[in-house]
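Combine both chains into one complex, guided by the hints.
Protein chains in written order, with numbering that gives the first Met the number 0: chain E, 0 to 97; chain B, 0 to 151.
Worth flagging that the hints you see were computed from the coordinates, not collected in a lab. Because the structure is a prediction, the values reported are computed rather than measured. Built from N, CA and C at the ideal position, the CB exists for glycine as well. It is possible that part of the hints are untrue.
[Unchecked claim] Covered, in the sense of this in silico footprint (three residues per stretch, anywhere, with C-beta under 8 Å from a C-beta of chain B), are these stretches of chain E: (1) 10 to 22; (2) 37 to 47; (3) 51 to 59.
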Amino acid sequence: MNPLVWSASATLFLFGLAALILRRELLAMFLGLELMVLAAVLALGETAARLGDSEGFVAVLLILAIAAAEAVVGLTLILRVHWSGRPPETEALRELKG
Amino acid sequence: MAAWIIPLAALAAAVFAALMIFQRTLYGAAICFLAVILQAAALLFGCGAKLLALLLVLIYAGAMAVLIVVSIQTAQRPGTPIWSRSGLPRSLVLAGFLIPLAEAAALLLGLGAPQSAAGAGDLMLGRMLFGPYAIASEAVALLILFAALAVI
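The following block holds chain B by itself, in its conformation from the complex (with noise of 0.2 Å):
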């Protein structure tokens, strides 16, 4: 496995939470946020958590990274401007997409591949979901469902 993929994951993951703080425009705070997102997830897949990285992926950096920026943008005063002076420089948000796409890139083309057993993991956790814990699931699901609801 890849050492360099956690070491850098985790140093990255840290530095952008740390200028999500300090972030004065919302939209800077968001991007550094995705950033930290897609670091988590290289974290877990260099774990051998590929599922939990691309789930993480999905929700966090696809749903819900989303309805944050769609609720900045609406949430916006007029004449605000979306970048001020004291936004991220070009070059972190740069950084923020490009060693994401290293590591997914070294992962996938198996320079940093986990060497957990591939499928057997996903396929117990399947029947968890399907089997006792269904109740749990579909708890879950109507919690989805009832937020929805709500927003409407």
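In isolation and in its complexed conformation, chain E is listed as follows (with noise of 0.2 Å):
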């Protein structure tokens, strides 16, 4: 285990959670969902290089391909709402349909 890589990515984690949590705009707050992800992807990369498992590779693999489609998703769905005509800020969307 490589503590460095490990400590960069805990701490990578709870900036994105904060960014999360402290931000309103949508944007800033996809940002930080992207780092979370980005974390994850680093710890288990590391420990997928560290122990030589190929399975590891492959969920890496994947989980930056779903990743990919999220990340598409997710800013369709805010310009989405800026093209709505609403403010980019999370107290404007109360309603699921209005």
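Rendered as structure tokens:
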């Protein structure tokens, strides 16, 4: 186990969580969410590399691809909110259908 | 292996992640996020996961960061300044790009090359992706296709 990589991964996850909680803009929250995914990828990738585990590499690859798809959908939803004329803060989003 | 690369990348990743939270402008946050991605790739490269580092740069820095910047530009209110006074100092922006460049140069010149057997893991990964995990790979490819269709 590389303690530096693991501590960096934990720090990134905590900062991502902090961004998700503290920020109000949707895009900033999205960046925090992506930071958390990146921290998980970093920890998993380091473990897979250390153990020489190919299944770990496959898992990281699949996570990266799913994160890319999730980013596309998430950013599209954020842009739809913007185009609907509502402010990009979370307080404006209280209804699923309105 | 150059012992300074992993500590430097870990420290820089933590610093830029902290800066990302406190940026008032979304452009500043996106640049900090890009710096964190590059540092994470340097960390993975230093650990011996070369292919993952490359894919992280390609997918996250190359595709997602661009998508995020385009979304920020599209969702920007008219008249909003791109860089406010509380944005990132230029020295930090410069450091965000120079540190990954220095790390990449050191790693590519062999100063910090990982000791793992080159190519063996990648070959195994290819066999796994198109062998036992072929259905999962196809499912993820379909998911990306549906995501692209959902955007359209």
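To see whether the hints hold, each was checked on the structure:
no., hint, result
1, 10 to 22, "holds (count 8)"
2, 37 to 47, "holds (count 6)"
3, 51 to 59, "holds (count 6)"
No hint from the list above goes unmet by this structure.
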